[in-house]
Amino acid sequence: MTSYVLRRLLFLLLSLAAAMVVLFFLLRLLPGNAANALLPLDATPEQIAAAEAALGTDRPLWQQFFEWAGQMARLDLGESFISQLPVLPEIAVRLQVTVPLTLMSFVIAALLSVGIGFVAGYRADRWYGTALSGFSQLGVAVPVFWVGILLVWVFALGLGWLPSGGFPRRDWAYPGAALTALILPVATIVIVMSASMSRYVRSATIDVLGSDFLRTSRALGATSGEAMLRHGLRNAAVPVIAILGIELATTFLGAVVVESVFTLPGLGTMLLTAIAQHDYPNIQGILFISTVFVLLVGCAADIIQRVVDPRLRTSLSGNR
Amino acid sequence: MKKLSLTLLASVTAATMFLSGCAGGGAGVDGGTDASIAIGSLYEPQNLDNTAGGGQGVTEAFNGNVYEGLFTLTDEGAVEPLLADSFTTSDDGLTYTVTLREGITFHSGKKLTSADVKSSMERVVAEDSKSARKSSFDVVESIETPDDSTVVYHLSTPSISFPYNLSYIWVINGEAKDLTSTEDGTGPYTLGTWKRGNSLSLERWDDYWGSPATNGEVVFTYFTDATALSNALLTNAVDIVTTVQSPDALTQFENNSDYVVSEGNSTTKELLAFNDRVAPFDNAEVRAALYSAINREKLLTSIWGDYGTLIGSMVPPTDPWYEDLTQVNPYSVDRAKQKLADAGYGDGFTFTLDTPNYDPHPAVAEFVKGELARVGVTMNINVITPDEWYTKVFTERDFEATLQEHVNDRDVVWYGNPDFYWGYDNPQVTTWVTEAEQADSTDEQTATLKLVNEQIAKDAASLWLYLYPQIVVAGSDVTGYPVNGLNSQFFAYNIVKE
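Listed in order, the protein sequences are those of chains Y and C. Just so we're aligned: 167 in full-length UniProt numbering is position 167 of the first sequence, and the numbers increase by one with no gaps anywhere. Just so we're aligned: 18 in full-length UniProt numbering is position 18 of the second sequence, and the numbers increase by one with no gaps anywhere.
Bear in mind the hints are in silico, worked out from the structure with no lab data behind them. Just to be clear, a hint being listed does not mean it is correct.
[To be verified] If you want the footprint, here are the derived chain C segments under chain Y, 3+ residues with CB under 8 angstroms: (1) 125-137; (2) 167-174; (3) 212-225; (4) 460-468.
[Said to hold, decoys possible] Residues from chain C that keep clear of chain Y, each with C-beta distances beyond 12 angstroms, as calculated: (5) 114; (6) 234; (7) 419.
Idealized CB from N, CA, C, for every residue including glycine.
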């Protein structure tokens, strides 16, 4: 197991390095440059040249790449081209919005979808099982931003219960106001995510229900509930953990869209602004942090799967 | 499991109800002289230094509020002394002597001296300056500070716009540091907090030299899309929206007594700019023909309804040299066809219009395409991003025609620069623009720029499709806000909330 974890972490580092190389060069393919975003319409060619020299974007690409790779190795994310302020503290501030948004959404969506999916699968023949499957089909079909707009329309503009967007400027100094600002964004992600996740839980449940070991357990005298509890849930959990890992990463990235619908000052809106302005240090910093996060989650999901399911351990280590 | 999810739902609902009860907490005082005014804007500063690429947003928040110049451009478009107590001009127009107002201090407590005024100008013209106004000060040869309250500017050629140009130079404490994230000005507000991606607050400064602000605090709240901004106004999260960019949003505020919709004077022009260097657009007849082929009145109505103004040249009504020139190239399909035939394009031609991908340009492009088809001209629409526009159109001049909004006031003078992206090259106009700047009096300047104005209209140097409306929407309990917002300024110090 330890050697597996080590191998997995090494693989993580290699993936990260590969991702950063691809990222760096793909970004440079975007038309336009940061000097233009910084300068007024009637800037002279001399002004543009001076700005490019100051930003270092006039140098050969390979030179820029190696300098940046060196910075990354020292975990130095540099300074924004546009605001000229350090990238890392700015990301830290933005995470105060994105992390609570992602975690709250994920935990609520995961609990809901395990509940909904299990009932929809275990009671697929009852009317409420069918109704729950219907809900997830519907939820999968609608885009996130549309759900967000709908919620704003009903709860902010219509009923006036909740703000239509924005975040208190004193952040979490008034937790009530901050949480209020996050209710609709969280609800938006939860609706869409629990719909898609509950489908996986439902099909995992149905698979287990039809399995030989459950039938055997029933034959040995267990009630269907006991059989499900003792053997069913643990087996159904294996594919679900893998999906949850992927979905946590998706929630984090999906927050980009939701933050922009609700004008939340999180990592997502920071990324969109940075892309529009060719603010490479900011873009690269955000994507670096996000990539690390996604890879770590994937890694953790793999390891947890192995803990839950001994079969994975033996079969794979047997191959090596 | 079923029970668990139901309990969860119930607790989420309960939390929602509880929290909505305490929403809006921490918003500050509601009304009166210490009121907190929330202003919704689409233009967040990039940073807080207008010589380091701070952009339109920092002008909106800081100009006149946090920083002041020797002169100010009022919301009505007049240039008036502000930190300057008085000024004199030498007979040859080459020397401006400015006496500073007495007893002014910066927010840090330091006394304002002529040395600060000099260093403020030096920041704008410095080699690494990203100021939009840098080239306006090419005429400044040297600056002298004979004593603490006198500044003498020596110019290489007379410059009638000098006081106007000085209104863009913020007077900043020469010893201040970290100006991209802090400030040290002389204005009626100090910087409160700036939460990037969210808001910027200004607090009334009690030691201000002039009349104190009529509110205690101003919070600029930033949005990335117009719909979210309108929603914020509808839910009272903001009191004022500085510029409404979405015509659709207006219907929600018109005929609603809770809101006041004000239309001010705009300087933003929607231009169809040709590359006047390339055939057939090097021919003024062809350009004029296309201008006459477009029903601009119908275009403006389709985009903005009853708002906006038609113009016949680059000059908006707030510039001193404005004349109504809409009839120089009137809408007439017959005139358009005749001119095309005269120019040898009776059978029409085909060209490509590079169209920025944001509103209103794509809609304008479709409209123009339909209009030109009627006179036998085929226009292809090539949609590009703002970045591509800068690179392809503005820098490389690799285009036949393009759409662009031009926001500045007094920018007709760009037609005097044959190297500008649109490549309009009329030596007579270039001479007039130079003469106007070196004029002895504003009357002479105005008269000469009127000639420029008329000539570019005759030459149809570009097609000036319409002037955007400048619309401010505010709650009806708020008064005293500027409605014109010239050059992106937004003076907040007279705003009163009941």
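Here's how the hints hold up against the structure:
Coverage of the stretch 125-137 of chain C by chain Y holds. Counting CB-CB distances below 8 angstroms, 8 residues qualify, and the rule asks for three or more. Counting residues of the stretch 167-174 of chain C whose CB lies closer than 8 angstroms to any CB of chain Y gives 0, which falls below the minimum of 3, so the coverage claim is violated. With 6 residues having a Cβ less than 8 angstroms from any Cβ of chain Y, the stretch 212-225 of chain C passes the three-residue criterion, so the hint holds. Using a Cβ-Cβ cut-off of 8 angstroms, 0 residues of the stretch 460-468 of chain C lie near chain Y, which falls short of the minimum of three, so the contact claim is violated.
Even its closest Cβ contact with chain Y, about 28 angstroms, leaves residue 114 of chain C beyond 12 angstroms, as expected for a residue assigned away from the interface. Look at residue 234 of chain C: its CB is around 6 angstroms from the nearest CB on chain Y, not clear of 12 angstroms, so calling it non-interface is violated. Residue placement check: residue 419 of chain C does not keep its beta carbon more than 12 angstroms from all beta carbons of chain Y (closest about 10 angstroms).
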